[in-house]
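Visitor: Just so you know, the protein sequences line up as chains V and D, in that order. Each residue of the first sequence is one higher than the one before, counting from 1 in my numbering. Each residue of the second sequence is one higher than the one before, counting from 1 in my numbering.
Warning: the hint list may mix true and false statements.
What the hints assert, rightly or not - Label pairs and their computed distance ranges (CB to CB):
no.: 1; chain 1: D; residue 1: E85; chain 2: V; residue 2: V253; range: 53 to 59 Å
no.: 2; chain 1: D; residue 1: E85; chain 2: V; residue 2: K349; range: 34 to 40 Å
no.: 3; chain 1: V; residue 1: R109; chain 2: D; residue 2: E85; range: 25 to 31 Å
no.: 4; chain 1: D; residue 1: E269; chain 2: V; residue 2: D14; range: 43 to 49 Å
FYI, nobody ran anything at the bench for these hints, they're computed from the structure. We treat Cβ as the ideally placed atom computed from N, Cα and C, and that holds for glycine.
Number of protein chains: 2
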Amino acid sequence: MDSRIVEHAKILVDYSTEVKRGDMVVIQANPDAHELAVAVARQVAKAGGSSVTMMISEEIDRAKYDGADDATLEVFPDHLMAMAEKTDVYIVLRSPVNTKALANVDPKRIMITAKTTKPIFDLITKKRWVLTVHPSATLAQQGNMSLEEYRDFVYDACLHDWEKESKNLYMMKEHLESHKDIRFCGPETDLYASTESRIWIAADGKFNMPDGEVFTAPVEDTVEGKIYFDVPFLEQGKVIEGVRLKFEKGEVVDFSAEKEESTLKQILEIDDGARRLGEMAIGTNRGIKHYTMNILFDEKLGDTVHCALGMAFPECNGVNDSAIHVDMIKRMHDGEIIAGNEIIYSKGKYFYEK
Amino acid sequence: MDSRIVEHAKILVDYSTEVKRGDMVVIQANPDAHELAVAVARQVAKAGGSSVTMMISEEIDRAKYDGADDATLEVFPDHLMAMAEKTDVYIVLRSPVNTKALANVDPKRIMITAKTTKPIFDLITKKRWVLTVHPSATLAQQGNMSLEEYRDFVYDACLHDWEKESKNLYMMKEHLESHKDIRFCGPETDLYASTESRIWIAADGKFNMPDGEVFTAPVEDTVEGKIYFDVPFLEQGKVIEGVRLKFEKGEVVDFSAEKEESTLKQILEIDDGARRLGEMAIGTNRGIKHYTMNILFDEKLGDTVHCALGMAFPECNGVNDSAIHVDMIKRMHDGEIIAGNEIIYSKGKYFYEK
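Please work from the sequences and hints to get the whole structure.
Guide: Right, here's the structure in full:
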């Protein structure tokens, strides 16, 4: 077995979810993630845990929509809930064969299923859990790479000394929380927000792998200024590029995009919360070399910031409510991040690297 | 999707397990059985059931043995039990990537796991459940066929009118139970046993697919005579061929094999029950064209009988106890099956075909 798969499994089991003797573990894996599932199952057993493996499959999900009437979509999966109640740790290994399998399913029906299974989702997210990907041809293709290159890409992003990275991320969180505002400056960009009484979260690989960001929910009405997002992103099946937003009293008052401006307009019109920022964040993972339009990776890109239109995370004390949460990313190599009177990041260096 | 996969799924869901609205269903599938899992999930949804899919993997099983100490093997999977308690139907889709993945695991450790999970196994076998295979290159290779030929082989065996076959099997059960003994006659063969107060089971596709046999547990001490098993079979990793057994008062008093006689000897010496018959049965599935050394298929071959050394099934009122249950098969094209004064089968025809 590729030693990097073993290393990946060790991080997920020993660091991210801290599996210990007697833990009940559910591994969720696509068929294409089988090899990582083998490594994770071995590592869980080494830690003294008891694992079972569920099969994730977008094709199975789609077939269920195809077969079920709406009443069937509302049947609550008691057996899945019963398992969740007895489970300590979820380890999710994504490697979709086909990322577009649900493209032609009516979004309303997807919402019915999401509503039906919400109590299970809410329960699982209170447990120890981690989400990662296993490199596959499908994901490599989506990222414009060969499989061999994509493997390097994934492992460069994931196989870090996370104990050490965690220290840096918590140091940054402390510095950010010692101030009452945040400002992103750079080419075509000067965006300000109050962060008073908001919490910054150090995302240090406990729930996502790869990880590496510090994020908060800005005080909704205080967002002022403009920002240019220069990293393309995928939303509603479209690649949106070169987004420029202008904020006054927390609301988008002007916008443009170099590609798919009409899709951006649709997003902004979904609901009131969609015109406000639910998240402001700083990416720190320098192992991620470039964007791949997979948000699990892109939002953690080192030397970037990102903002999300829409839903704010309650764990940050955010209150903005929306049906959407759309992340947009900006490179900061020529920019600065300032909190209060402190420079958090300037031209390629975080404060702790000085 | 191959229409035969759809048909296979319909039989499993609508006939074998009779899934109905509100049923909680667990699909267990190897990664190589993914396509059949898609079809089964759709069919369960059509019937109004709620399905989740578990991944079966011999490689994952082996990795768990590799990682776990003996204490970990004894950790009871509470989460799997909790799910089982809330599940109505299990549908098991086997398509092993590697049938030898557990070949080098200490059998004692496999016994520990079997003992640990026995309460779950016992619970599941009280539910509606069915076991089948999905054609794969691995299974085709084991059966000495191309994948294309193996697909034909599997679907010829499974895609029957099972309602009709069930009627024939139940008719045969009634005839057999109206007599008090059974006799297999043919070249080098004349084997007699009392079946008084024993139950004949009509295996009509409710638990196995393919299916097609009627079986009982003979009265242990009454088995007399000799039999020549002319179909090779796989046991303990060895292909055993041309077994001849002689019985007196229920016990094997003489034996030989054309190939692997020493393995046969080992089997007979495992325990006292291993020298007695736990099962006598009549295979009826003419859709299975030839043996493939996969017992799920071979024991149902039309125009055959089979006997098993070792454990008897309690549901037949059998009492023979043993750690083993080794099925051996005999072609009956030139033979006869007689119950009391009735000819059940003679030279290519079952009584109901006359």
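Visitor: Each hint: holds or not?
Guide: Hints and how they fare:
The supplied range of 53 to 59 Å is met by E85 of chain D and V253 of chain V, whose beta-carbon atoms lie about 57 Å from each other. For E85 of chain D and K349 of chain V, the Cβ-Cβ distance of about 56 Å falls outside the hinted range of 34 to 40 Å, so the restraint is violated. Distance hint for R109 of chain V and E85 of chain D: a CB-CB separation of about 30 Å, consistent with the stated range 25 to 31 Å. Checking the proposed 43 to 49 Å range against E269 of chain D and D14 of chain V shows it holds: the Cβ atoms sit about 46 Å from each other.
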